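Protein chains: 2
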Amino acid sequence: MKYEPLAQKDVFQSMVAARPMHRKEYGKLATHLRADLLEAQRALKATKQSLIVTIGGLDGAGKGEVIQLLTEWMDPRDLDTYSFWDMPTDTEDRPYHWRYWQSLPKRGRIAIWFGGMYTDPIEREVNGARESGWLAEVSREICFFEEMLRKDGTFQAKIWMHLTKTAQHRRLKGLYENPQQHWRAMDNDWKNHNLHDQFTAAAGELIHHTDTHCAPWNIVDASDRKWRNVTVGRLMHTAIKAAIEPCLAIETKKITRTEVHQKKIHYLADVKLDQRMEKNSYEQALITWQGKLHRLFWEAYDRNISTVLAFEGWDAAGKGSAIKRVTAAIDARLYRIVCVGIPTTEANNYHYLWRFWQPLPRAGRITIFDRSWYGRVLVERIEQLASKEEWTRAYAEIKEFEKHLVDHDTVICKFWLHISREKQMERFKNRLKTPYKRHKITEEDWRNREKWTQYESAVNDMIHHTNTPYAPWTIVAGNNKKFARIQILQSICSKLETALGGESGDH
Amino acid sequence: MKYEPLAQKDVFQSMVAARPMHRKEYGKLATHLRADLLEAQRALKATKQSLIVTIGGLDGAGKGEVIQLLTEWMDPRDLDTYSFWDMPTDTEDRPYHWRYWQSLPKRGRIAIWFGGMYTDPIEREVNGARESGWLAEVSREICFFEEMLRKDGTFQAKIWMHLTKTAQHRRLKGLYENPQQHWRAMDNDWKNHNLHDQFTAAAGELIHHTDTHCAPWNIVDASDRKWRNVTVGRLMHTAIKAAIEPCLAIETKKITRTEVHQKKIHYLADVKLDQRMEKNSYEQALITWQGKLHRLFWEAYDRNISTVLAFEGWDAAGKGSAIKRVTAAIDARLYRIVCVGIPTTEANNYHYLWRFWQPLPRAGRITIFDRSWYGRVLVERIEQLASKEEWTRAYAEIKEFEKHLVDHDTVICKFWLHISREKQMERFKNRLKTPYKRHKITEEDWRNREKWTQYESAVNDMIHHTNTPYAPWTIVAGNNKKFARIQILQSICSKLETALGGESGDH
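Protein chains in written order, with our numbering: chain A, 1 to 507; chain B, 1 to 507.
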């Protein structure tokens, strides 16, 4: 299937017109299609790829009917249907894309998305005047998301079922006049029918912007039921086949090694590791900043502002004990700690960011990540658990992820706890001496220590590529734990104060 | 540790009084405790048991502080903390116990429950006059839940941190007067202090009712911080040790084989399998009942009434096609189909009912189970995947589960699709002839067919034990698929009409 993007004007005009189909012909085609779909579905199951099929379209085009039919024709055990309508507060509380991350298909499976990422922007565009450029920004986010998934092996097909205004009127009238189908024509459908031109314009613009190689659109004339069903069924079959076939590499702009080297700054080399704090002033400062943090987090709770704290750092840099000084100041009902280790079998079924989206905080809450999504460009890079292609593109994916959080008014603090190599050795030795700390030292820690230089370089790259204005890194001078803890508490307080408008006074 | 249940009056009087502890003694005890806790935690991890520790207590007793401390002393990677406060609509929408099922520890892990199942009933008892017997019924439900988990290998320890009225006053005053601890004494705490006697009475009664062998209570004097911390830490250690040791069997009233046989009725033998429906009247009836069902489900949506449909039946009885006739009548955004197969690795980490609680519908929605929790007393019984002990107690557990749904105003319809053995053979042969149905026949189907008589007996027992007035079985005469489908549609309509108050007229 040769792919040619749809030109803006042609979005609906290039649509192939439906042709009436005889009952017998339909029956015969459907029988074959069912066998083909089931076979393709079984073949997909054996692969590591997955597929999202978005079914969009105007009211009366029969989105629900077609989805029913597809679940009837296919094996429902390997197929999940998701709609994004009337979401619970649990979803509304999270960054907007959270709902889509919760609805991804596992590898080998198919997800049908009822309206997908498109219904909501189209309705918002029709119902309220948005700022100019709004739809373009939404489209950019969607394209980024779709391309990211595609590179990870999640294929996508998008089907728009179209009706001209006349055809829509005919359909709704037909349903309305048949007492037994009456219920299929809802009040809202009639209301939207009057806005047919606006809906078509908004849909056309969005489709034009999001018709990419990664996730192309298909426009289907929905004016004839049998034609529509067979056409959508065939598109589904083509989409599954495309997902099964050996992946064609997607072209991406590569960051070449030279580029990285040219720009490289030695962030870690600049850290003043000799900064320290004495016991007395530390204890006083701890109480002051913890009290302040406590109040700020309650205020953030009252104002539905969420916080994400990500802690990265060398082994024995004091992440755990620093986190404890932070949590000591937060009501136990407000926060959650997520310890990030090797991905589970479950997590490996999805894009690597999936497991970080899932525990994002509800409105007003705090999620603390003890190690984070940056594992992709640190341990996974160095241990070659991710290919160069994968960890290189992760920088942009992470920036986009964090942008979604910030757009949702989430406060992000990212800490790299830095210590010198000598300090690490000193702490390793100390841990071996204390009974309840001994379990903290494993062979892996010693192995990681051997790779200090490699990690140093990876950390520099990481900071370089992800130190954005909206989510900057804080590099913590960790040789003195007391100094480090207060630096962290202060930094969180300062970010929260800015987010809350700075009116929160100290005392 | 010999266990003696707490007498109602003695609940708090028998409490061992705190003794002041010197800083040095505390430090030494804490160091040992930490090592013990970590060791016990690691040993638990290697077992198939899990542990829930509930931390309850009056305001100012330091629940939050103690939970902080425990996560500090223990390995936070194998420990999860849950609170049940300010729940999102996603939770409020579901049967009350849903929140607890979502907070269970995996095998080998520990969950700390902040207030657990106790805070809410105590507050409700204090804040509003409840019907007499209310607290007793809540207690019965809690005891059932705790015993059920215990039998499945989830141990439980419950700690109540107590303060006399004088001690509570002293604690709140102390916090309030210290500018740096000021934030620890919340307005609400002072309000509740005035209700100290009422809180103590309600807590005392609830503790008295729920102090069982399966999940005993421990009362801790919280008037001295160091004593309290050490005591709670030790109780935690004892609880983990108890969970590690080889399980002592819990005595339960066994349903003896004779008992079952005496009562046995041949439910399936009574089904009139020759009932049929002709094509013309079927097509008319299908449209009528689907239209009616569509309206009823929208009405249920408007009124926040959820529905659970469970389909069980012989292989080739027509479950799949019957479900399709039901879903054809429901808006695709309102329902979800759950196909129940062999439990996944994830599901095996929990009580077998866990995977059925998770997908329960939100308010106003519908979940359709294609096979269900009854697998426990059917396939798992016959294939010996569950021990006799396990499937025998499942009857009561299932009845309790369904009672929770009904108490939450969920409509439950349970269908057994019955066919004759000859009809099954006829359908197996037909399936082999149709290309898109061939995949439906597997070797397992033939094996199951060999065990017809065993299944027949298991189905009779199942219906006998779980055919409750609040969730009765509908046995569907399935030899004629058309008749069966209309019987199912009518049955759901009738249950919904009753739930909606019967005012919904037919047309």
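Worth flagging that the hints you see were computed from the coordinates, not collected in a lab.
Model, not experiment: these values are computed from the prediction.
Keep in mind that the hints are not guaranteed to be accurate.
Said to hold, decoys possible - DSSO-like cross-link-like pairs, simulated, lysine-lysine; straight-line CA separation at most 27 Å:
| hint | chain 1 | residue 1 | chain 2 | residue 2 |
| --- | --- | --- | --- | --- |
| 1 | B | Lys388 | A | Lys440 |
| 2 | B | Lys433 | A | Lys45 |
| 3 | A | Lys482 | B | Lys495 |
| 4 | A | Lys24 | B | Lys28 |
| 5 | B | Lys433 | A | Lys28 |
| 6 | A | Lys440 | B | Lys279 |
| 7 | A | Lys429 | B | Lys24 |
| 8 | A | Lys241 | B | Lys433 |
| 9 | B | Lys495 | B | Lys399 |
| 10 | A | Lys226 | B | Lys106 |
| 11 | B | Lys429 | A | Lys28 |
| 12 | B | Lys324 | A | Lys106 |
| 13 | B | Lys45 | A | Lys324 |
| 14 | B | Lys45 | A | Lys437 |
| 15 | B | Lys279 | A | Lys24 |
| 16 | B | Lys106 | B | Lys48 |
| 17 | A | Lys28 | B | Lys440 |
| 18 | A | Lys482 | B | Lys226 |
| 19 | B | Lys482 | A | Lys28 |
| 20 | A | Lys482 | B | Lys24 |
| 21 | B | Lys481 | A | Lys28 |
| 22 | A | Lys429 | A | Lys403 |
| 23 | B | Lys440 | A | Lys437 |
| 24 | A | Lys440 | B | Lys28 |
| 25 | B | Lys48 | A | Lys440 |
| 26 | B | Lys482 | A | Lys24 |
| 27 | B | Lys165 | B | Lys191 |
| 28 | B | Lys279 | A | Lys226 |
| 29 | A | Lys437 | B | Lys106 |
| 30 | B | Lys324 | A | Lys481 |
| 31 | B | Lys437 | A | Lys28 |
| 32 | A | Lys28 | B | Lys279 |
| 33 | B | Lys423 | A | Lys45 |
| 34 | B | Lys437 | B | Lys399 |
| 35 | B | Lys241 | A | Lys440 |
As the list claims (entries may be wrong) - Pairwise CB distance ranges (calculated):
| hint | chain 1 | residue 1 | chain 2 | residue 2 | range |
| --- | --- | --- | --- | --- | --- |
| 36 | A | Arg431 | B | Asn178 | 53 to 61 Å |
| 37 | B | Glu137 | A | Lys165 | 58 to 66 Å |
| 38 | B | Asp302 | A | Arg19 | 38 to 46 Å |
| 39 | B | Arg19 | A | Arg438 | 30 to 38 Å |
| 40 | A | Arg431 | B | Pro343 | 39 to 47 Å |
Every residue, glycine too, gets a C-beta built ideally from N, C-alpha and C.
Original post:
Does the alpha-carbon distance linking A/Lys440 and B/Lys28 stay inside the 27 Å limit?
Top reply: 21 Å, holds
**OP:** Starting from the range 39 to 47 Å, see whether the pair A/Arg431 and B/Pro343 falls in it by beta-carbon distance.
**Re:** For B/Pro343 against A/Arg431, whose Cβ atoms are near 40 Å apart, the range 39 to 47 Å holds.
**OP:** Compare the distance between the alpha carbons of B/Lys433 and A/Lys28 with 27 Å, and conclude whether the hinted pair is satisfied.
**Re:** 16 Å, holds
**OP:** For the pair we were handed, A/Lys226 and B/Lys106, check the Cα-Cα distance against 27 Å.
**Re:** Outside the cut-off at roughly 49 Å; violated.
Original post:
Regarding the pair A/Lys440 and B/Lys279, is the alpha-carbon distance no greater than 27 Å?
Top reply: Judged against 27 Å, a Cα distance of about 72 Å means the pair is violated.
Original post:
Is the straight-line distance between the alpha-carbon of A/Lys437 and that of B/Lys106 27 Å or less?
Top reply: 25 Å, holds
Subject >> Restraint check for A/Lys482 with B/Lys226, where alpha carbons must lie at most 27 Å apart >> reply: Answer holds: A/Lys482 to B/Lys226 is near 24 Å, not above 27 Å.
Subject >> Verdict for A/Arg431, B/Asn178 (Cβ pair) under range 53 to 61 Å >> reply: At roughly 34 Å between Cβ atoms, B/Asn178 and A/Arg431 fall outside 53 to 61 Å, so the hint is violated.
Original post:
Do B/Arg19 and A/Arg438 keep their Cβ atoms within the hinted range of 30 to 38 Å?
Top reply: 32 Å, holds
Original post:
Are the Cα atoms of B/Lys440 and A/Lys437 separated by 27 Å or less?
Top reply: Cα-Cα ~56 Å, so violated.
**OP:** Quickly compare the C-alpha distance for A/Lys429 and B/Lys24 to 27 Å and report which way the hint goes.
**Re:** Since the Cα atoms of A/Lys429 and B/Lys24 sit roughly 25 Å apart, the hinted pair holds (cutoff 27 Å).
Subject >> Pair hint B/Lys437 and A/Lys28, alpha-carbon separation not exceeding 27 Å >> reply: 15 Å, holds
Hint compliance for this structure: hints 1, 3, 4, 6, 10, 22, 23, 30, 33, 34 and 36 are broken, all remaining hints hold.
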